[in-house]
Structure formats: C-alpha cells, structure tokens
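Chains as they are written, first to last, in this note's numbering: chain P, 466 to 888; chain Y, 116 to 291; chain V, 24 to 225.
The set of hints was computed from the structure by calculation and includes no laboratory data. Each statement offered as a hint is correct.
List of simulated lysine to any residue pairs, SDA-like, C-alpha gap at most 25 Å: (1) 549/P <-> 190/V; (2) 549/P <-> 275/Y; (3) 843/P <-> 171/V; (4) 590/P <-> 125/Y; (5) 549/P <-> 793/P.
None of these values were measured; they are calculated from a predicted model.
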Amino acid sequence: MAVVEDKTVIYEGSRIPSRVPTILDVPEELSGSEDVMQVNFGPNHPSTHGVLRLIVDLHGEQVVGTSAVIGYLHTGFEKTMESKTYWKCVTYPERIDYVGYQNNELVFVSAVEQLLELEVPTKAKWMRMLLCELNRIHSHLVYLGTSALELGAISMFWYCFREREQILDLFEMVTGQRMHTRYFQVGGLAEDIPVGFYPEARKFVEWMPHALDDYRGLLDRNQIWLERTVGIGKLSAADAIALGQTGPNLRASGVDWDLRRDQPYLHYDQVDFQVPVYPNGDVYDRYRVRMDEMGESNQIVRQCLDKLERMDGMPWIADDRKVVLPPREELHTSMESLIHHFKIVTEGFRVPAGEIYVAIESPRGESGCYLVSDGGPKPWRVHFRAPSFVALEATATCLTDTYVADLIAVVGSLDAVMGDTDR
Amino acid sequence: MPGYVTERDGADMATVTIERERIREACEHARDELGFDMCVDVVATDYLDWAGVGVSGYIGTATGRDIVHPATQGLQVLPEAKPKRFSISYHLLGLRQGAPRVRLQCWADDGEHVPSVITVWPTCDWHEREQFDLMGIVFDGHPNLERLLMPEDWEGHPLRKDYPIGGEPVRFSDAE
Amino acid sequence: MVDEPTEPTEPITRLRDYGLQSERLLWPTKGPSRFEESLGVEELEQALGITTLEKAVRWAQTKSMWPDTFGLACCAIEMMSIVGSRYDLARFGMEAFRSSPRQADLLIVSGRVAHKMAEPLRQIYDQMLEPKWVIAMGVCASSGGMFNNYTILQGVDRIVPVDIYIPFCPPRPEALMEGIIRLHEAHLAGIPPAYERNGVAT
Numbered sequence: 466m467a468v469v470e471d472k473t474v475i476y477e478g479s480r481i482p483s484r485v486p487t488i489l490d491v492p493e494e495l496s497g498s499e500d501v502m503q504v505n506f507g508p509n510h511p512s513t514h515g516v517l518r519l520i521v522d523l524h525g526e527q528v529v530g531t532s533a534v535i536g537y538l539h540t541g542f543e544k545t546m547e548s549k550t551y552w553k554c555v556t557y558p559e560r561i562d563y564v565g566y567q568n569n570e571l572v573f574v575s576a577v578e579q580l581l582e583l584e585v586p587t588k589a590k591w592m593r594m595l596l597c598e599l600n601r602i603h604s605h606l607v608y609l610g611t612s613a614l615e616l617g618a619i620s621m622f623w624y625c626f627r628e629r630e631q632i633l634d635l636f637e638m639v640t641g642q643r644m645h646t647r648y649f650q651v652g653g654l655a656e657d658i659p660v661g662f663y664p665e666a667r668k669f670v671e672w673m674p675h676a677l678d679d680y681r682g683l684l685d686r687n688q689i690w691l692e693r694t695v696g697i698g699k700l701s702a703a704d705a706i707a708l709g710q711t712g713p714n715l716r717a718s719g720v721d722w723d724l725r726r727d728q729p730y731l732h733y734d735q736v737d738f739q740v741p742v743y744p745n746g747d748v749y750d751r752y753r754v755r756m757d758e759m760g761e762s763n764q765i766v767r768q769c770l771d772k773l774e775r776m777d778g779m780p781w782i783a784d785d786r787k788v789v790l791p792p793r794e795e796l797h798t799s800m801e802s803l804i805h806h807f808k809i810v811t812e813g814f815r816v817p818a819g820e821i822y823v824a825i826e827s828p829r830g831e832s833g834c835y836l837v838s839d840g841g842p843k844p845w846r847v848h849f850r851a852p853s854f855v856a857l858e859a860t861a862t863c864l865t866d867t868y869v870a871d872l873i874a875v876v877g878s879l880d881a882v883m884g885d886t887d888r
Numbered sequence: 116m117p118g119y120v121t122e123r124d125g126a127d128m129a130t131v132t133i134e135r136e137r138i139r140e141a142c143e144h145a146r147d148e149l150g151f152d153m154c155v156d157v158v159a160t161d162y163l164d165w166a167g168v169g170v171s172g173y174i175g176t177a178t179g180r181d182i183v184h185p186a187t188q189g190l191q192v193l194p195e196a197k198p199k200r201f202s203i204s205y206h207l208l209g210l211r212q213g214a215p216r217v218r219l220q221c222w223a224d225d226g227e228h229v230p231s232v233i234t235v236w237p238t239c240d241w242h243e244r245e246q247f248d249l250m251g252i253v254f255d256g257h258p259n260l261e262r263l264l265m266p267e268d269w270e271g272h273p274l275r276k277d278y279p280i281g282g283e284p285v286r287f288s289d290a291e
Numbered sequence: 024m025v026d027e028p029t030e031p032t033e034p035i036t037r038l039r040d041y042g043l044q045s046e047r048l049l050w051p052t053k054g055p056s057r058f059e060e061s062l063g064v065e066e067l068e069q070a071l072g073i074t075t076l077e078k079a080v081r082w083a084q085t086k087s088m089w090p091d092t093f094g095l096a097c098c099a100i101e102m103m104s105i106v107g108s109r110y111d112l113a114r115f116g117m118e119a120f121r122s123s124p125r126q127a128d129l130l131i132v133s134g135r136v137a138h139k140m141a142e143p144l145r146q147i148y149d150q151m152l153e154p155k156w157v158i159a160m161g162v163c164a165s166s167g168g169m170f171n172n173y174t175i176l177q178g179v180d181r182i183v184p185v186d187i188y189i190p191f192c193p194p195r196p197e198a199l200m201e202g203i204i205r206l207h208e209a210h211l212a213g214i215p216p217a218y219e220r221n222g223v224a225t
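Turn these sequences into a full structure, and let the hints guide you.
This is the structure in structure tokens:
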C-alpha cells in the first residue's frame, strides 16, 4: 500500500516484517550487541521437516531475527516435466508433496483433463475423492506424529504411524504401491477397484474415530501441550490473507475458506462435511483444525464408500482411446487398440493449446497446477503452486516475540513439506 | 482497470492482459476495487520458439478427434504467436462466494523489468524471487531479489528454454 | 580314451562360508561374484579372517548401529515408518536416530540429493566417526532416480562411498530392513566398510 522511507508498510497493525516480509530483522537497538548470536538451524537438523535451513538470531533465548533458506531439495520438476509426454509426467507430481501425494497427482491430472475437455466417469471421481481424503488423513497423521515428537510427546509418533500403516495397506490393496501410487491417470483411474477393498476400508473408517479419541485424550487437555502451543506463533487473519496462506493455516486464523466447499471439484458438493475454523491463529488452533479435519475426512470417506459400493461394474476410466490406454486384453484382438496403445506410449496424446490453472484443497492448503500447452504431446510449461512454499513465507511473521523452543513448534505447525516447497 | 490492454475468457478464469509498467496499479485496483484479496501464484512462462512449434493436425478435443481438424486441412497448425518472450501471470483469488478468480498477465522481453507487487501482497516476495531465480525476470522494487532455490553462485536461469535440461547421458534413452 | 575326472580342487572359501547368507542366493555354484572379486577371491581368508575379539566387537557394533537423521524426501517418510511399530527397527537396536553426526554410525541417505545439498551431505559424512557406513536408500540416492537433470546429483556415491544400495521408489520398509540386515551380515563376516574398500565413484 505505501512505501515509506524504504520500508513497505502493508497496513497498520500488521505483524509482517516491514522491510522484507519473509525476513525478521534484528531490531536496531540490538543489532550491534554482543548478546545476539546467530545460529544456523542447518539443512540437517533433528526436527523432522526435511531440509529447511533457518538462520536465526538469538538474544539469549529470544528469537530476534530469522530468515529461511530453502532450495536444498530443488528437483527441477517443472523443467523435467517439459521433456516428458503427459502420460510419463503423471509420476512426477506425486513426488512434489510426498506426504499428500495423491492430491498432487489429482491437480495435474485435472489440469490436463480440463484442457482436453475430457469427461471423467463418476466412479473414478468418487474413488479419487476417497483416496484424496484418505491421503488427507495420512498427511495429518504424519504432521501430528512428527509435530508431537518434536515437542516431546514422543509416543504420539507410534500411535499415528499405526493408523498410517492401515491407510497405506488400503492404498497398497488398491494400487499396488504404498506411496507414490500413480493411480490417477488422465481420464480416470489406472485400474478397477479390487474386490475386498470396501470391507477393509469400512473397517478402517469404523476404527478411526476411536484413534482420534485416543489422540485427543493424550493431547487436547494436556497441560504441557497447552503451554507449549497456546498463544505461540500467532498469525492474524489479515496477515494470513496478505501472506497468501490457505488450508489449515488460514482456517486456524479465523478465515472460513475451504476450496472443497467454496469451489467444489470432483463430487464434494454432494457430500456433507464441516469445515473447522478457529479464531486465534496460534499453534494450538492449527493443531485443532487438523484434528477436526481428520474426523471430517473420515465422514467423507464413509459417504464415498456408500456411493461406491453401488457402482460395481461401472467404468473407471474415460472411453476416449486417443487419450486413454486401451485395456490390455483388447490388445490381443484389436488392431486399432494396438495402434492407439503404441501412439500414446511412444509419441503421447496431444493436448490442445491453451493455459489453465486448476486448484484443489490439498492437506497443506491450495495446491494448484498452471499448465501451458502448445498443442503437442509434452507440456510447454508446468508450474505447481505449492502451499508449503507459501506457508514458509509466514515463518518470519509467526516468529516475532517467540523463544527458541517455540520456533520448533511454529515451524512444525505450519506443516511444510520441503519437496513441495522446493519443487 | 489501469493499464488494461485486452482480456480473454478461459475455461478456468478470465485472463486480463495488463501493460507491464502498470501492473502494480492494476493489482492494487484488483485488490481494492474488485475484491481479489489474495494473490495465489506468480508464474513466468518462457515462450522462446513458441511459434516455431507446429502441431500437425491430430488435435484432441472433446468434440472432434479427427485426423484432420477443420481448420487445418491436414496441414500443420501453428499456435498463435505471443507478443513477447516472457509472460508473467498473477493468479488472484477473491475469498467470497463463488470463488472468483482472475489471471492478470503482462508480457516482457529479456532484460525488461517488471514492477514488483510486494507492497500489494507480501506473499509475492518469494514467488517473485523464485521467478527471478529460475527465469531471470527482474522485479523492480523488490527489497531482496536474490536466488531462492538454486545455490547462490549458480549461473544461468534453469527454466528458460535455452537452458539445457542437464543430467547425464543414459544409454538407449531418447533425446533427453 | 576318456580322461579320468580330475581330482576336485580345494573348494575356494566363498562369502557364504563367512556367514554372508545373502550372497549368491540364486546360483550358488556359479563363480565368484564381482563383490567377492573386488575383495580378492583368493585372499578372502586374509581379507575377512577375523579374530574372536574382532568378532565380538563387530557383533556389538552390529547390534547397535545408530543411524543419523538424514531424511531428505519421500524415502524419509518410509524410513520413519520402519521406526513405527509394524516394522520395528528397535529390534535391531537402531531406533535411536542420532541428530548429531558425531554420535551416528550409519548414514541412510534417503531421498534425492540436490547439488545445493551435496555439500552439507559431505560435511555430515566427514563429521561422522569411523567406523561408519552409508546406505543409499531409494533410486534417487543410488543413481539419481527418475530425475536426470541439472539439479539432482546422479547418485550419492559421487560424493560419499556407499555400502548398500536399496532400489525402489520409495523402498518398502521391508526392503530397507533387508538392506540393513545385509549390512549387518557383511559387517559380521568381516567385510570392511566402503571407505576402506573403495573411494568415491568417478
């Protein structure tokens, strides 16, 4: 809004640092002082977030300056995907956000499908919803396990990973792989849903609320947990919007915004679920948002199962053979199928020229794919809007007036996955 | 809308092209007058050799998948030419009913600077740094325009089309 | 005239005889493997013959080989899951992931290594005290994986000597477990760690 004496003042009352929004500067009265020590939370550090480097200035135990250095996991996804055909590209987006992998797959595949104007069958959409919600539970479990581990509630790690193993069993049953499943294809799903999946998924859905009660019993009213998380790392609603936060970080700051409800994709407008919103914007509220979201995701999975159990025998991928690989048994009998298979695998299907931006609600926030196609078989430009990248921009704001012990809590609560940040 | 040049409707959102020098005013207008509270993403695209790429007739759309697309008579179709080499797209989102989105787009050639919109939305700090790092677009007025993802002493801007993919040659693999 | 069958020569001692059960599983009677050749087939006795005291020390080292927290990317999530209760790493005495490389014996490089991260990786490796082992977990650490581009190191053995390579993307926890068990077997058999056998790959 205003540039005043080379400080950018965003608005009155903002806690965003005024010179550079993502760097907390040491205040002038301390800046020459010998009491300020610069500590490097290097890329390899005990907390389990991956390779984030924080250069922190400490005045005793108080954090007076911080800046984040990222890029230690920059993989060049966008450049690599420009040299692969669309069918081969599907394996790359999942590895970007490697904890909520199917959401990344979904966003890329949706972008290609929208440029192709391809209709995805209903069964595929419901199954995609189910798997994405299971992945949301998986992601929040990893968040909870690792966050609690860092704050000292070490046993939470084992509880959360017990449930996580059950989810990964379900993924393995459907797709053959625990992580990075490559199950979402352009047009639908790679294969049909196997027999025996629905009873197993029901068992998990019935068990999950008990597990959530276990976690709540351990942490919600735990005095140590409360003292370490309530009032720490506050982010006001206006600051969160100015910093582009989305997802649980935004909802914990009091802004009621969820893309599943406000800009529905797949069949989210046909399921009932609540969107948890809490007003304070501290670490505790972010924890509560994610806990409630796990329960809501469980409800959504239950509703998806109700719908899917009546959809046996329906197609799971679009019929368009120019884009979708034909089923393997047809390759033995039909010449056209063989030709199509060959063309799609070697040259790739062509996507009409255009640009598109598709956004979904991933466990970390709004995950988006900006795709520019030149009409050829390979993408011209792919860009992923990474919610963790934006979440880490808020570290400087959240870390004003905190102690070094709270730094761990805050960075954990922002739930940033470094693959997503660095792409 | 200050600096307005043209607009185009798309399947996902409208794309409004803005003059490069007035992009900051346009963003302020979008935030204050039109209610686009959040800037979701800042993306730069390199269109080097764009019009040189031909697509021969086999176009996939929902309506017609003929070998011969009506407009081509089987000949090569060149995608429409772009005004300059780089396009910088700002994806904006309004946090209200209906989730209105818009894409503000400005065009720049190599070496032309773009005003930074960091005073409008602080989130653009890292987005602009990333596009500077990977595409080499300089944003005027950015207080800390340094490399973000690549090591600080890296030379070149990797995502440009004339920068090689790198890596090492692998036996039996094709072009890359 | 048919030649008399020659006397069977002295059977060469093979790695299996030293306890490395996972060597030459599929074709035991085939000649020496490349690994055995790199150790020197004829001098296996000298290379691997270890005294009872050394055996005891190696047994102790094997039973509490503490890994360093070097989770980089997706493989780190699978590495965390072997600490979980289903694939319990604590039965090998290895659940204590040390954050300080000075206290760690094993560096499990789990995930893709960007060029920016290569320098910290080498620093961490240098800070570890001998004896130390390196497991390259996943294809990205073994060879660059699916990322053959300007920013990913094509195999972590370019900068640190690697003992065990574990393929898959990401490896199942059982696969990582097998890699760790093979490392234990190799150490118990007397095979020296990688930095003594070979340097860094070129």
